[in-house]
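A.B. asks: Model the full assembly from the supplied sequences, consistent with the hints where possible.
Protein chains: 2
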Amino acid sequence: MISNSLVEKLFSGDKRSISKAITIVENSLTESIELLNTIHSNTGNAFRIGITGPPGAGKSTLTNQLTKLYRKQGKKIGIIAVDPTSPFTGGALLGDRVRMNEIGQDENVFIRSMATRGSLGGLSKKAIDAADIIDAAGFDLILFETVGVGQSELDIAKAADTTIVVLVPESGDSVQAMKAGLMEIADFFVLNKCDRPGAEQAAAALQSIISLRSHDESSWLPPIVRTVASENKGLDEIIEKIESHKLFLSKNDRFQNRREENSKSRIQEIIKQLIFAEIWNNERTELLNKASQDVVNGSLSPYEIAEKIIENFKSKSV
Amino acid sequence: MISNSLVEKLFSGDKRSISKAITIVENSLTESIELLNTIHSNTGNAFRIGITGPPGAGKSTLTNQLTKLYRKQGKKIGIIAVDPTSPFTGGALLGDRVRMNEIGQDENVFIRSMATRGSLGGLSKKAIDAADIIDAAGFDLILFETVGVGQSELDIAKAADTTIVVLVPESGDSVQAMKAGLMEIADFFVLNKCDRPGAEQAAAALQSIISLRSHDESSWLPPIVRTVASENKGLDEIIEKIESHKLFLSKNDRFQNRREENSKSRIQEIIKQLIFAEIWNNERTELLNKASQDVVNGSLSPYEIAEKIIENFKSKSV
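Taken in sequence, the protein lines are chains A and B. Reminder that position 172 of the first sequence reads as 196 in this note's numbering, one-by-one numbering, no gaps. Reminder that position 279 of the second sequence reads as 303 in this note's numbering, one-by-one numbering, no gaps.
Check before you lean on any hint, since a few could be wrong.
Note that the list lumps identical chains together, so a pair holds whenever it fits in one copy or between two copies.
[Unchecked claim] With a cut-off of at most 30 Å between alpha-carbon atoms, the simulated DSS-like pairs for lysine-lysine come out as follows: (1) Lys296 / Lys96; (2) Lys257 / Lys44; (3) Lys288 / Lys314; (4) Lys100 / Lys340; (5) Lys257 / Lys314; (6) Lys182 / Lys149; (7) Lys275 / Lys265; (8) Lys296 / Lys257; (9) Lys270 / Lys314; (10) Lys99 / Lys340; (11) Lys314 / Lys275; (12) Lys275 / Lys44; (13) Lys44 / Lys332; (14) Lys100 / Lys296.
Source of the hints: derived by calculation from the structure; they are not laboratory data.
C.D. replies: Put into structure tokens, the structure is as follows:
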């Protein structure tokens, strides 16, 4: 049961209550549903920005600097750092977080690092739930920062109003492959560490890839912002570009449409989680354990077993 | 309906039939189930090797060279290259494939590149189905090559008997983050491009991370193989290490256990696909489209809608 006082304190913007609420989301599906149903009508006001890109591109530094600039404008900022680390390597990225301690002291900055602790599935869902909590607490902006390891950044992009992809000049080849997802989700690019050699060529290469994107007069072509985040260069332009993208979204129902699309993805993901929590009860997990032997021994195909388990689920779930 | 002649030709090792069968897997869920049920008892003989790592590490070159060496041993090789590219950037990695044309001419080498064409979900499942097809066609070895963009490489690791993680000396920082998943899935590491500066430090750093892994006398600690794949250096050692890992697996039911674990993941993934194909019929997709407006307007929470859709699914699915 979610206490009324927790919800009240949350609405008042109390950081400790935000933290508590996110812990609920991390630990209990049932309680988190209750909590999110309770607060839902108080969400939707915060603007959500996704910051992603390959490891080492300087996303943490950028997030840090952006936060400081937004604080000068009086904005309240929530930061959700999504680390899809494993139990084995958990905490590897802790160093980055330490640098954030400074801004984290601010009463109007809330920072939460969310890691998988074992199962990758569900992390993005939890991060989005956490954003709702920070949103309901009256924060103006939510920054999702994800380390660039694939699916989670794509999922987070589906939760953001604006997605910034951070690259560095030497990304080069890596980008070739990583752009797979990244190119598609970028509302704009930040080419960071632009004091390094090859910055201009990298920008030109990036520009030529962007212009391949099918577009007409009414569509948005991702601009490129050059920065040296560690020296605070180019940060103002990022904020400008966020504003122009926001303005672009505000026309012709685009903002509403984007949020509807994001909601659809979110609902689908929630359905996935709920159904799987239900399917994998003890009985069917046991069934799976036994059946996997039959698959390896060749007597039953994985599809035959899958259908058997689905049948069992359906017959017992009504 | 799957024709008997297709299955017969497939069992005889005919490359064109393998290709046809994989196309079925890519395009039709119903037909692919029929096909995979039919061939299942003929699978399980091929040894499956996953080759993964960050973009630019030289995985394609390595796969290429390994294939040539295995051909000298008379082995029949299937290669499944998993490219989680998007429609927008599809084909970006085609250059890599071109280099493979040479070995692809060989009657005893089958190469298939599998891309997502839009939806990331299901690619790994299809790649594993494809491996079954190649396996049933009597090939000795299957190499899964994945570009390092996250979830798909973790999924492929769950389909491999041995997983090789390819890194380069300069991975450095990137590895910090990417190791998230990679460290955990590696049965051994290949440090490629070892003629570059920093190779020894990189190997030492990697070694120290590996030794953090909890282990006892009976467990396998991933070795590191140094290579310069483009100059064909160190390739023999990779094959040696594959053999020692195979030998390790052959003791104490480890091989059987690993395949059972892999089968479990596969069955779970299949269930996911089957259930979602069923959930998202026209009626419920329509329901989702309408409901997403209510979520954005704040009148219903995504959890309330998810529960409504699940209820609808259950009541109509029996």
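A.B. asks: Compare the structure with each hint and give your call.
C.D. replies: Structure-based check of each hint:
In this assembly of identical chains, the alpha carbons of Lys296 and Lys96 never lie at most 30 Å apart, being 41 Å within a copy and 47 Å across copies at closest. When the C-alpha separation of Lys257 and Lys44 is checked against a cutoff of 30 Å, the pair qualifies neither within a copy, at 36 Å, nor between copies, at 55 Å. In this assembly of identical chains, Lys288 and Lys314 lie within 30 Å of each other by CA distance solely across copies; the values are 10 Å between and 36 Å within a copy. Proximity of Lys100 to Lys340 under the C-alpha cut-off of 30 Å is found in neither arrangement, the shortest distances being 48 Å within a copy and 46 Å between copies.
When the C-alpha separation of Lys257 and Lys314 is checked against a cutoff of 30 Å, the pair qualifies neither within a copy, at 59 Å, nor between copies, at 44 Å. Taking the shortest alpha-carbon separations for Lys182 and Lys149, both the intra-copy value of 11 Å and the inter-copy value of 23 Å come in at or below 30 Å. In this assembly of identical chains, the alpha carbons of Lys275 and Lys265 lie at most 30 Å apart only when taken from the same copy (16 Å versus 59 Å across copies). In the homo-oligomer, the alpha carbons of Lys296 and Lys257 never lie at most 30 Å apart, since the shortest distance is 43 Å inside one protomer and 46 Å across protomers.
For the identical chains of this complex, Lys270 and Lys314 are inter-copy neighbours only, at 24 Å across copies versus 54 Å inside a copy, given an alpha-carbon limit of 30 Å. Taking the shortest Cα distances, Lys99 and Lys340 never come within 30 Å of each other, neither inside one copy (51 Å) nor across copies (48 Å). Taking CA atoms no more than 30 Å apart as the test, Lys314 paired with Lys275 passes between copies only; the shortest distance there is 21 Å, against 56 Å inside one copy. Taking identical chains as interchangeable, the C-alpha atoms of Lys275 and Lys44 are never at most 30 Å apart, the minima being 37 Å within one chain and 48 Å between chains.
Taking the shortest alpha-carbon separations for Lys44 and Lys332, only the inter-copy value of 28 Å comes in at or below 30 Å, while the best intra-copy value is 41 Å. Proximity of Lys100 to Lys296 under the C-alpha cut-off of 30 Å is found in neither arrangement, the shortest distances being 33 Å within a copy and 39 Å between copies.
The structure shown violates the earlier hints numbered 1, 2, 4, 5, 8, 10, 12 and 14.
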